Amino acid sequence: MKARVSVTHVKFINLRFLVLVLSSFTLIGFLPQNSFAEEKPAGLGIYEKLNDYLPAGLQFIDENYNQVDLKAVIDKPTVFALVYYECPGICSPLLEGVAEVITTAKLNLGTEYQVFTVSFDPDEKPKLAKDKKTNYARLVKNQDVEHGWRWFTGDSANISGLLNSFGFKVKKEGQEFIHPASLIVVSPDGKITRYLHGTYFLPFDLKMAVIEASEGRSGPTINKVLKYCFSYDPAGKKYVMNFTKISGSLIILLAVSLLAGLLIKNRNRNKNLINVK
Amino acid sequence: MSLSIARPISFYDTKKGLFSWIFSTDHKRIGLLYFYSIGIFFLAAVALGVLMRLELIAPGKTIMEAKTYNQVFTLHGVIMIFLFLIPSVPAVFGNFFLPIMIGTDDVAFPKINLMSWWMYVVGGLFALSTLVVGDGPADTGWTFYAPYSVRTGTNVTLAVLAAFILGFSSILTGLNFIVTIHRLRAPKMRWFQMPLFSWALYATAWIQVLATPIIGITLLMIVVERVFGLGLFDPSLGGDPILYQHLFWIYSHPAVYIMVLPAMGLISEMLPTFARRTIFGYKAIAFSSLAIAFIGYFVWGHHMFTSGMSGPSRVVFSILTFLVAVPSAIKVFNWVATLYKGSILIKTPLLFSLAFIFQFLIGGLTGLVIGALASDIHVHDTYFVVGHFHYVMFGGAGFAFFGALHYWFPKMFGRMYREKIAQTAFTFMFIGINLLYFPMFILGIMGMPRRYYDYLPEFTSLNVVSTIGSWILVTGIIIMVANLIRSARNGEKAPENPWGGTTLEWQTASPPPQHNFDTEPVISDTGPYDHS
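Taken in order, these protein sequences are the chains called A and B. Okay, so the first sequence: first residue is 1 according to my numbering, each after it adds one. Okay, so the second sequence: first residue is 1 according to my numbering, each after it adds one.
Worth flagging that the hints you see were computed from the coordinates, not collected in a lab. Since this is a predicted model, take the numbers as computed values, not measurements. Any given hint could be a false lead.
What the hints assert, rightly or not - Partner residues are not named here, just some residues of chain A that face chain B (Cβ under 10 Å, in silico):
#1 K191
#2 M241
#3 F243
#4 L262
Unchecked claim - Simulated DEER-style distance windows between Cβ atoms:
#5 B:F333 x A:K245: 35 to 45 Å
#6 B:T152 x A:E215: 44 to 54 Å
#7 A:Y65 x B:G311: 53 to 63 Å
#8 B:K61 x A:G248: 37 to 47 Å
#9 A:S231 x B:P449: 33 to 43 Å
#10 B:V316 x A:I264: 34 to 44 Å
#11 B:F298 x A:V68: 43 to 53 Å
#12 A:K245 x B:Y36: 40 to 50 Å
#13 B:V316 x A:S160: 56 to 66 Å
#14 A:S231 x B:A482: 51 to 61 Å
#15 B:F298 x A:K191: 24 to 34 Å
Backbone N, C-alpha and C define an ideal beta-carbon position, used for all residues, glycine too.
Turn these sequences into a full structure, and let the hints guide you.
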């Protein structure tokens, strides 16, 4: 008598799903990672001091004549813009860039993060800071500029203390300063977490930098996902999707779910077999 | 008590015609489709290898230009790795025998299985098309190292796409085997009653599924960089060539185990049969397969000791490399212990298995020489490395493949091969391979670099020995192929179980019927290798 061993073919993985997954790996391969590196002029510029801490005791005066210890007022992710107020050069485009990104970044200024503009010219006074603040506040829409964007002036000792701790090298020539353009992001406990170079800032880069600075302590879950998927590319000076990390995680996730599916369903199959008997 | 008076209808007889083969979803037919296509590619790559050895018989230009030589060794490597070694054992013997050995009638996804063969064919055609299209085959070596692979004018894009498509074929086969082993084992067969070949395929399949997507992405990145000029690996575009090496070896080292693990599974099948003894240390062999697959993921850095890696990373990768030798050695000890006090039947499959152990030992131990930091600096990129991997890959995986081909030949083709001729072929091959590759160790230690068509005069005599070895090896291969072709046509009809094997494939007709078993196979409670 012929008795064929009968077997049901398993429809565990849908073919279309498989094709979709495999083709998504393909697409990930198309994302750019690095771009051209830029060179710094010798002596001047920014010598990044990532993961260093701002020292306590740096005294500055804000636009409302309050003298503060900078470290003490950093209680949330803080973005520093280092400029001088009478600057005829790149400071104005930089501050306009800041005003624009405050509007577009979809972050709440004053609660999720704050911006400190600090003058590195010891001759400038709070009155000037106040005027500048009023000017630039007009460029920002729908954000709490009054509490979230503070403008500081200070004496030369404190200024050089701040510049040194940021690795920010400037040089005075006549009445003007030669200086780099960058935003510096500091975490709530005073750690330098990111430099965003240039005078124009992408809302996404600012958001990522603030998420990084908050170190996962605040913000919605999506921020943690973003932080996992994107990493800072120092050569390209922007946040890029870390596709090797993402695709690696995807592959492992798929494999684990395959194994889990097989083990769980295998158990069901065995139960069924017993029932059949 | 075989009462088969009339020979049962085999899977060959159920359908006829070309279409019944190339669109078949029967695992046995797909296994044979793979066998024929892999066989053709293997012979082509052997021919390229012989040409390379001929070029190296004397210093200076002998039969080809430097660039041609570069293209020949690239094509030889690409075909041997991606078209022969990676698919060979799983796709041929895995497809044909895995379902039979675990007592089922097919793999879990027969259509995907057919698709994987078609992808293999398309990938193979892509690789071959580099011969005739544009500026000829790639000249980068099978590793496609960036930035050269990004800049060379040869057909890298096509070759890389070929490897990419072949990768998908490999993933699909692996996925199929994982699900088959989990879900379709005969109801009474528990995990530790599976034959060890299934364990080896299972471990291999996880590597195929997990590691192959990485090479897919990496190779696509090369294509993107070449076609769109995005800076990924080429430093002049802002890319990172070391990143390429990492990504490449994260796949390609585990891929070495895709090649050798199933071969080890074959040895674990053949030795108990011809020693008439149960395998020694069944569980140790099964778990060492998983251990090799697992540790194999973390050793890729040992390919990059000389290409810019921090000291601590090198030490860690070196230690891990030594660690992978432990499960490999466990297997070797168990095989030798299986032979001890067995009633040994000397047949060709056993000879190939013994040669495997001998050559795998040499290949494995020289692997430790290059896994150790200090000695690797000395022999890196020399013929020592070429000798090492040919011993492991050809002397190991290749010989296991040929052994299994003889072992299962009666089952696959329903006829016996001619034993004496087969043993003659084996003798030629065994002498040839050792003559061909052993001098490479000495040449490497003397400092002869790999991948050049020329060398210093003091290396001549050993190169001549090596080239002569290649002729002897090829003579053996020709005798073997001729013997098998002739035997498949008019060899003696094979009985159900010519070797006295104990696994399930020996409980069905030779060749098997369409659904593998006409009567339900008996699964032994005492494990798959009970010879008592």
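Evaluated hints:
About 25 Å separates the beta-carbon of K191 (chain A) from the nearest beta-carbon of chain B, more than 10 Å, and the hint is not met. Because the smallest distance between the Cβ of M241 (chain A) and any Cβ of chain B comes to about 13 Å, over 10 Å, the interface hint for this residue is violated. Hint status for F243 (chain A) relative to chain B: holds, with the closest Cβ pair at about 8 Å, below 10 Å. Annotation: L262 (chain A) was flagged as interfacial toward chain B, and the flag holds, the nearest CB pair being 4 Å apart, inside 10 Å.
Judged by the Cβ atoms, the range 35 to 45 Å given for F333 (chain B) and K245 (chain A) holds: they are separated by roughly 40 Å. In this structure, T152 (chain B) and E215 (chain A) meet the distance hint of 44 to 54 Å, their C-beta atoms being roughly 46 Å apart. Evaluation of the 53 to 63 Å hint for Y65 (chain A) and G311 (chain B) yields a pass: the beta carbon distance comes to about 56 Å. Take K61 (chain B) and G248 (chain A): their Cβ atoms lie about 45 Å apart, and the range 37 to 47 Å holds.
At about 38 Å, the CB distance of S231 (chain A) to P449 (chain B) agrees with the hint of 33 to 43 Å. Taking 34 to 44 Å as the suggested C-beta distance range, the pair V316 (chain B) and I264 (chain A) conforms, at roughly 36 Å. As the Cβ distance of F298 (chain B) to V68 (chain A) is approximately 51 Å, the hint placing it in 43 to 53 Å holds. In this structure the supplied range 40 to 50 Å holds for K245 (chain A) paired with Y36 (chain B), their Cβ-Cβ distance being about 42 Å.
Separation of V316 (chain B) from S160 (chain A) is about 43 Å and departs from the stated range, judged on CB atoms against 56 to 66 Å. Between S231 (chain A) and A482 (chain B) the beta carbon distance is about 59 Å. The supplied range of 51 to 61 Å therefore holds. Under the hint 24 to 34 Å, the C-beta atoms of F298 (chain B) and K191 (chain A), about 32 Å apart, fit the expected range.
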